[in-house]
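Asks: Turn these sequences into a full structure, and let the hints steer you where they fit.
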Amino acid sequence: MKNIFASIAPKDVDVVLVSVPWTDTMMPLMAVAALKSVTIEAGKSCVGLDLNANIYDWTKTHPHQNKLADFFFNNTHYSEIEDDIFFLYKLYAETLLAHNPKIIGLSLLTYACQVSAKYICYFLRKLAPEVTIVVGGAGCFDTMEGNNFYAHDLLESGLIDYYIRGDGERVWQEFLKGNYTYPGINSSDWLQLSNNDLESLPYPDYDDYNFNLYEVAAICLIGSRGCVRTCTFCDIIEHWTKFSYRSGEHIFQEMLLQNKRYGIRNFKFQDSLINGNLKEYKKLLQLLASHNEKNPENSFTWSSYFIFRPEAQFDESWWKLTAKSGAWRLVVGVESLSENIRHHMGKKFSNEDIEFSLRMAKKYGLKFLFLMITGYVTEVQADIDFAEQWYKDHAEEYRDVIKIQLGGTLGVMPNTWLDRNKKDLNVVVFGPPYQHWNNTVTGSNPKQRALWQKHLFKVCQDLGYTLVDAIDNHYILELLINEKN
Amino acid sequence: MKKINQSSVELFFDFVGIDNSYMNLSIINGEEVIEVSPQDKQKVILSIEFPTEIILDISGKNMNVDTVVNEAGKIILDKHISLTKIIVDRVVVPDYFLQKWPQVNDITTPYFGFNGSVKLRFNEPNSFYWLLKTKQ
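Here the protein sequences come in this chain order: A and B. Note that the first sequence covers residues 974 to 1458 in my numbering. Note that the second sequence covers residues 577 to 712 in my numbering.
Hints were generated in silico from the structure; no laboratory data involved. Take these hints with a grain of salt, some might be off.
With a cut-off of at most 25 angstroms between alpha-carbon atoms, the simulated PhoX-like pairs for lysine-lysine come out as follows [as the list claims (entries may be wrong)]:
| id | chain 1 | residue 1 | chain 2 | residue 2 |
| --- | --- | --- | --- | --- |
| 1 | B | 709 | A | 1063 |
| 2 | A | 1321 | A | 1340 |
| 3 | A | 1256 | A | 1321 |
| 4 | B | 709 | A | 975 |
| 5 | A | 975 | B | 579 |
| 6 | A | 1063 | B | 579 |
| 7 | A | 1063 | B | 711 |
| 8 | B | 711 | A | 1040 |
| 9 | B | 709 | A | 1040 |
| 10 | A | 1256 | A | 1215 |
| 11 | A | 1075 | B | 579 |
Pairwise CB distance ranges, derived in the manner of DEER restraints [to be verified]:
| id | chain 1 | residue 1 | chain 2 | residue 2 | range |
| --- | --- | --- | --- | --- | --- |
| 12 | B | 609 | A | 1180 | 51 to 61 angstroms |
| 13 | B | 711 | A | 1335 | 46 to 56 angstroms |
| 14 | B | 700 | A | 985 | 32 to 42 angstroms |
| 15 | B | 609 | A | 985 | 40 to 50 angstroms |
| 16 | B | 650 | A | 1129 | 31 to 41 angstroms |
Some chain B residues near chain A, calculated using beta-carbon distances under 10 angstroms [claimed, not checked]:
| id | residue |
| --- | --- |
| 17 | 582 |
| 18 | 667 |
| 19 | 702 |
Beta carbons are placed, not taken as given, at the ideal position from N, Cα and C, and that holds for glycine.
Replies: Here it is, written out as C-alpha cells:
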C-alpha cells in the first residue's frame, strides 16, 4: 500500500488534532479546524488534519470497498484487507507522531469511527506511550446522548487518557488549561454553548487541510446548534435541548475572513438547519446578496441543511433573496412524501408546501437535496406506491432541481421519541444496528424496508433523478437484505 | 521504541477451590516460568514477542474428591481455574473469543478443571493481526 499521507509535511507542535475514519463524505470535516483555532488561542502550537479525507479517497477505489466498509463498521476480519488495514493505521499513527506532539486529539464524527479509533490508539500507544490521547465527538458515544461505554472502555484499558463530550470547543479550552474536572471531560454531563458563547469562539482554522482532496472545495461553518423542530426519529434535540444560534452578521464576517484566508468562495453550513431563526437568516441573506451584487468576481455560494416552511411563513420574496444570497443546494429532511407519515414524524409542512418550494426553486435556480427515510414505523406498501408515483409525476419538471438521498432505512435510535414510544407503535427493536426492528402489526421488517429502498432507488434512477450513492448505505442495505428475520 | 511484535498481555484468572484448597497454575512464557498464586481474579502481566505460544501448566486436582456431585449426579462444586479475560496491548479481547482460544488437546475451553497443559497461541506476526482475528 502506498503512503496516502505522504504529502503531509511534519512540523513540531504541542497538539495534533485529526479526524478519524470512516466518514462517508466528500466534504471537509470541520471539528478539527474548529478545535485547532481554540488550541492556538490557548497559546499552543497545533496541526489540524482531516485524514478521513485521505482515507475516504483511498477507499473509493479500493478493490475490496465493501469489505473495508464492513471492517470500519463492525471490525469484521477479512484476510484480503488485513495487510492494508495494518499499514493504514500504522502510517496514520506515524504521520501524527512525526509532529512530535504532546497531545493527540482524535475526532470521531459517527459510530463508524469507533473501530478505527481503537486501532489508531493501539498504534499510538505502541509507538509513543508518553503522548496524551484524547478522543471526542458524537462518534464516541452509542448515540448523540446515549451511553459512553465505548469511551469509558478505552479509558479503562488505557488506550486513551481522556474523552470529551458535548460542545467540544469550550470543553477543549478548559482541558488545555488543565481543568480536567470541567463538565464534559471523562463525564456524561456537559454544558451547552449559549448564543454568546457561539459568537465568542475563534473562527475555524483550515490551514492544514488539503482542499484538493474533496470533491467540493468548500469552507464549512456552523451557524447554530440544535434544532427548532422535534422530529420523532431524531436525537439531536435530546443532545442540544435548546436551539442556540449566531447572528447573521457574525456568520457573514466569518465568511469574509475565510474567503480572504483561503480564496474559497463556496461555503457549507454544517448545522441542522440554516433557517431556524428567520430574523437572523434574513440578515445573513441580505448581507450575502449585497456582497454578491458588489463583488461579482468574488461572489459567495453556499449550501446548507434547511427546513421547508409553509408559504405563509416563507413566501416568494424569501426564495428570491435566498437565491440572490448565493444558495446553490438546500438539503431538506423531507423524509417521506406521504403527508400522514410526515405528520406523525412532526414535520410541519404539507405536500402543497413542497410543490410551492419546488416551483420557487425552479424559478430562482435553486437546487434541493431531499433526505428521505424509507420505512418509517407507520409506513406500508401504499406509501411506497405513493412515493413511486410522486417521483414519476415530478420527474419531467423537477429532476434537475431535486437530488435524492434515500438513506439506509429508518433506524430507531435510543433517546428518540420513537424509541420511548416503541411499545405503543408496535415496534420491537432487536439492534443495534438500529435499523433492526419489526412492526408486529404492519409486518414491516429490515429486509422489506431495504427492498423498498432499493426499489425506489431503481425507480428514481430510471426516471433520471440524481441519487446519492453512499458506500455506507450499500453496506447497510446488503446487511439487512441478507439477514434472517 | 518497542518492536512492533513486542506486546503486553494481561491474563485474568478466576480460581475456584474447595475448602481453601486450589489448583496450581504455572505460566510458561519461553524461558520464563511464572507461578500464579491461587487468589480470586488473579491478573498476570506478560511481555511476549509474536509469534509465540504460552503454556499454562495446571495441576493439583484430585479427581476423586475435587468434584462434588449431588445425589442426582449433578456437579455442585468443582475445583478449577478459569481464564476470564485477556487484554493485549491494552485492547480487550472479545469474550466469545475466549471460548474458542485456549487449546487443550483437540478442544478449546477457558475452563480448566483438569491436570494438564493448555496452549495459548499467539500465532501471528504481531498483536495487530492477532487482534483482528479475534473478531473472526
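Asks: Going back to the hint list, which numbers does this structure go against?
Replies: When the structure is compared with the hints, none of them turns out to be violated.
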